[in-house]
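Q: What follows is each chain in one-letter form.
Number of protein chains: 2
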Amino acid sequence: MSGGGEEVSNKQILLRDYVTGFPKESDMIHTTGTIRLKVEEGSKAIVVKNLYLSCDPYMRNRMKKPDAPPYADSMTPQSPVLGFGVAKVLDSGHPDFKEGDLVWGTTGWEEFSLIQAPESLFKITHTDVPLSYYTGLLGMPGLTAYAGLYEVCSPKKGETVFVSAASGAVGQLVGQFAKLLGCYVVGSAGSKQKVDLLKNKFGFDDAFNYKDEHDLNAALKRHFPEGIDVYFENVGGSMLDAVLLNMRYHGRIAVCGMISQYNLDKPEGIHNLFRLITKRIRMEGFVVLDYLHLYPKFLQLALQYIKEGKIVYLEDTIEGLENAPSALIRLFTGQNVGKQVAVVANE
Amino acid sequence: MSGGGEEVSNKQILLRDYVTGFPKESDMIHTTGTIRLKVEEGSKAIVVKNLYLSCDPYMRNRMKKPDAPPYADSMTPQSPVLGFGVAKVLDSGHPDFKEGDLVWGTTGWEEFSLIQAPESLFKITHTDVPLSYYTGLLGMPGLTAYAGLYEVCSPKKGETVFVSAASGAVGQLVGQFAKLLGCYVVGSAGSKQKVDLLKNKFGFDDAFNYKDEHDLNAALKRHFPEGIDVYFENVGGSMLDAVLLNMRYHGRIAVCGMISQYNLDKPEGIHNLFRLITKRIRMEGFVVLDYLHLYPKFLQLALQYIKEGKIVYLEDTIEGLENAPSALIRLFTGQNVGKQVAVVANE
Numbered sequence: 185m186s187g188g189g190e191e192v193s194n195k196q197i198l199l200r201d202y203v204t205g206f207p208k209e210s211d212m213i214h215t216t217g218t219i220r221l222k223v224e225e226g227s228k229a230i231v232v233k234n235l236y237l238s239c240d241p242y243m244r245n246r247m248k249k250p251d252a253p254p255y256a257d258s259m260t261p262q263s264p265v266l267g268f269g270v271a272k273v274l275d276s277g278h279p280d281f282k283e284g285d286l287v288w289g290t291t292g293w294e295e296f297s298l299i300q301a302p303e304s305l306f307k308i309t310h311t312d313v314p315l316s317y318y319t320g321l322l323g324m325p326g327l328t329a330y331a332g333l334y335e336v337c338s339p340k341k342g343e344t345v346f347v348s349a350a351s352g353a354v355g356q357l358v359g360q361f362a363k364l365l366g367c368y369v370v371g372s373a374g375s376k377q378k379v380d381l382l383k384n385k386f387g388f389d390d391a392f393n394y395k396d397e398h399d400l401n402a403a404l405k406r407h408f409p410e411g412i413d414v415y416f417e418n419v420g421g422s423m424l425d426a427v428l429l430n431m432r433y434h435g436r437i438a439v440c441g442m443i444s445q446y447n448l449d450k451p452e453g454i455h456n457l458f459r460l461i462t463k464r465i466r467m468e469g470f471v472v473l474d475y476l477h478l479y480p481k482f483l484q485l486a487l488q489y490i491k492e493g494k495i496v497y498l499e500d501t502i503e504g505l506e507n508a509p510s511a512l513i514r515l516f517t518g519q520n521v522g523k524q525v526a527v528v529a530n531e
Numbered sequence: 185m186s187g188g189g190e191e192v193s194n195k196q197i198l199l200r201d202y203v204t205g206f207p208k209e210s211d212m213i214h215t216t217g218t219i220r221l222k223v224e225e226g227s228k229a230i231v232v233k234n235l236y237l238s239c240d241p242y243m244r245n246r247m248k249k250p251d252a253p254p255y256a257d258s259m260t261p262q263s264p265v266l267g268f269g270v271a272k273v274l275d276s277g278h279p280d281f282k283e284g285d286l287v288w289g290t291t292g293w294e295e296f297s298l299i300q301a302p303e304s305l306f307k308i309t310h311t312d313v314p315l316s317y318y319t320g321l322l323g324m325p326g327l328t329a330y331a332g333l334y335e336v337c338s339p340k341k342g343e344t345v346f347v348s349a350a351s352g353a354v355g356q357l358v359g360q361f362a363k364l365l366g367c368y369v370v371g372s373a374g375s376k377q378k379v380d381l382l383k384n385k386f387g388f389d390d391a392f393n394y395k396d397e398h399d400l401n402a403a404l405k406r407h408f409p410e411g412i413d414v415y416f417e418n419v420g421g422s423m424l425d426a427v428l429l430n431m432r433y434h435g436r437i438a439v440c441g442m443i444s445q446y447n448l449d450k451p452e453g454i455h456n457l458f459r460l461i462t463k464r465i466r467m468e469g470f471v472v473l474d475y476l477h478l479y480p481k482f483l484q485l486a487l488q489y490i491k492e493g494k495i496v497y498l499e500d501t502i503e504g505l506e507n508a509p510s511a512l513i514r515l516f517t518g519q520n521v522g523k524q525v526a527v528v529a530n531e
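For the record, the sequence lines run as chains R and A.
According to the working numbering, the first sequence is numbered sequentially starting from 185.
According to the working numbering, the second sequence is numbered sequentially starting from 185.
No wet-lab data here; the hints were simulated from the structure.
Only a predicted model underlies this, so the values are computations on that prediction, with no experimental measurement involved.
Treat the hints with care, since some could be wrong.
Identical copies carry no separate label here, and so any pair may be met within one copy or between two of them.
[Claimed, not checked] DSSO-like mimics (lysine-lysine), calculated; alpha carbons at most 27 Å apart, straight line: (1) K282 x K307; (2) K450 x K395; (3) K340 x K491; (4) K405 x K249; (5) K195 x K494; (6) K249 x K208; (7) K376 x K494; (8) K450 x K481; (9) K248 x K405; (10) K228 x K208; (11) K222 x K450; (12) K363 x K208; (13) K383 x K307; (14) K385 x K248; (15) K282 x K233; (16) K248 x K376; (17) K383 x K208; (18) K282 x K405; (19) K385 x K233; (20) K228 x K491; (21) K405 x K395.
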């Protein structure tokens, strides 16, 4: 069976093989395939042109050999890398989508994608913001920050909030949301530039460069002499162990990610979990997919905050599909400053 | 200032010094002091005769040099060991207590205790059960099991529940409560005798001896092929790490204790916390002291279950105050079979 329309060439980034250890550009392959830009008669698929590709830490976990039980479906070697993105519909066999629609959701790392089950995509109806925001502030990372902070942690005015990887796609929003709730917010990041951004652009009360700290426990004690009520966990490892020593009674830890552990064969050991008891701490892992029903409510709030100038968002964009692999790897070297996006096309 | 009445001799067990490593009988000192069995004029204290002393794992943590922040107040070297117990009021300056009242709560390891702030004691009004039950089933361990299971985990009918240290003071109740809720319940313990008790006396669906299992992950997979919904954590360490690999989506872990870690200088590392994210697990530490307001409701339920024969309770009693130190140490060697109690006097 062949799709309708002419075949056109389609630049693609394929996963070479399951990744072990630190991801490298050579784990991904540049190739050029072909694709028909019309869907088959009777199919409910859509064909999209990919505009912005989202580079997110969780993708590393989908590049692993699938273990049981899987975190999310693993990517398939020799197939396009999968991730969130913003795309334009070129042709649709699905009644909910039509040519010209803009969507965000899971797509492939290629110029054009045939999406067999478009029901999981979100249609973009507010276009008076940068479209790339739907890979970040108004997309999966934004909803992640919102769900993790509001739903999992429920911080109250006056509480203390600590965010790790705080200048990243999620962290910068967690901090700003927490400030809007009236919390005292400190973030950690991995460079002086990022620390400056946290304090001066994102309005955190304070921030520190974890790479400059010999003793993370001491650093946290300095920043939270009275302890931490809410920790938004993005990194895992020794930072988590130090945070556990500094949590207050009835503290909440939203476990969103553990980027420091993703490239290790065996995760580091966490030694201070007895504090969960002594401080009556709730530690809860979450995945944004469980909160998609909140997206309309979140979107309304975020759009309003943007309009009122209450939220800013920093993207780190790299031009060209061919540069998407290096963009992804920047996440694990900490080179990205803000939400990492690869631009395939602007329209 | 001297108390009223004659001085009488008072056998006592003192803490020698802060304990490090595995507790030994020699960490406690036998001595004989004196006490007046009347309270001072105008005092709101009470004098009690101690009947049953409760031996509980958490006591080990109160024998440590106090760290910041403390778990519970550390005991004081050269002063009586502190713990829960059942006692009879000999004299009272407090309007809520009178001679002959039976109470349970924190007391000293000695024949007679002067309790300066008796407000924290519970008066025993139901005496048609063994009085020693107020150190276990109807006391702190019972309320711990109830609060941890009902309040922290909220298991639903048909869910799978795993309990470690399952034949202990708390574990045997957790399993029975969970069975009464309609759950599938498996427990682990450290001897064949305890495993038999779990299956045949306490009505667990299944049980295993963790000391016989080379691979705890495999043992849990065997007992929970579909995974664990609720884990009642009493032991910590490698069991916790194995449980994390076997939790189901949206599982709950009530962190009650980590007895395997209490005598270690540095707790073991836990490596599988990323599962909190992938399986959306909530892990929550709790301390029974936060649930004392539920005691009346719990007591009513437990008394009814006893009357209806729906709950059994196994105690391991040792006679004599002088044998209380060895009774306490039995908890850490796993020699106790059921709730460990030291009997000072029967009335």
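Q: Does each hint fit the structure? Answer for all of them.
A: Each hint, compared with the structure:
no.: 1; hint: K282 x K307; verdict: within (10 Å within a copy, 73 Å between copies)
no.: 2; hint: K450 x K395; verdict: both (22 Å within a copy, 25 Å between copies)
no.: 3; hint: K340 x K491; verdict: within (24 Å within a copy, 45 Å between copies)
no.: 4; hint: K405 x K249; verdict: between (39 Å within a copy, 21 Å between copies)
no.: 5; hint: K195 x K494; verdict: neither (39 Å within a copy, 69 Å between copies)
no.: 6; hint: K249 x K208; verdict: within (16 Å within a copy, 49 Å between copies)
no.: 7; hint: K376 x K494; verdict: within (24 Å within a copy, 63 Å between copies)
no.: 8; hint: K450 x K481; verdict: neither (39 Å within a copy, 46 Å between copies)
no.: 9; hint: K248 x K405; verdict: between (37 Å within a copy, 23 Å between copies)
no.: 10; hint: K228 x K208; verdict: neither (36 Å within a copy, 73 Å between copies)
no.: 11; hint: K222 x K450; verdict: neither (46 Å within a copy, 63 Å between copies)
no.: 12; hint: K363 x K208; verdict: neither (37 Å within a copy, 51 Å between copies)
no.: 13; hint: K383 x K307; verdict: neither (34 Å within a copy, 55 Å between copies)
no.: 14; hint: K385 x K248; verdict: neither (36 Å within a copy, 46 Å between copies)
no.: 15; hint: K282 x K233; verdict: within (13 Å within a copy, 84 Å between copies)
no.: 16; hint: K248 x K376; verdict: neither (32 Å within a copy, 41 Å between copies)
no.: 17; hint: K383 x K208; verdict: neither (32 Å within a copy, 53 Å between copies)
no.: 18; hint: K282 x K405; verdict: neither (55 Å within a copy, 48 Å between copies)
no.: 19; hint: K385 x K233; verdict: neither (33 Å within a copy, 66 Å between copies)
no.: 20; hint: K228 x K491; verdict: neither (36 Å within a copy, 64 Å between copies)
no.: 21; hint: K405 x K395; verdict: within (16 Å within a copy, 40 Å between copies)
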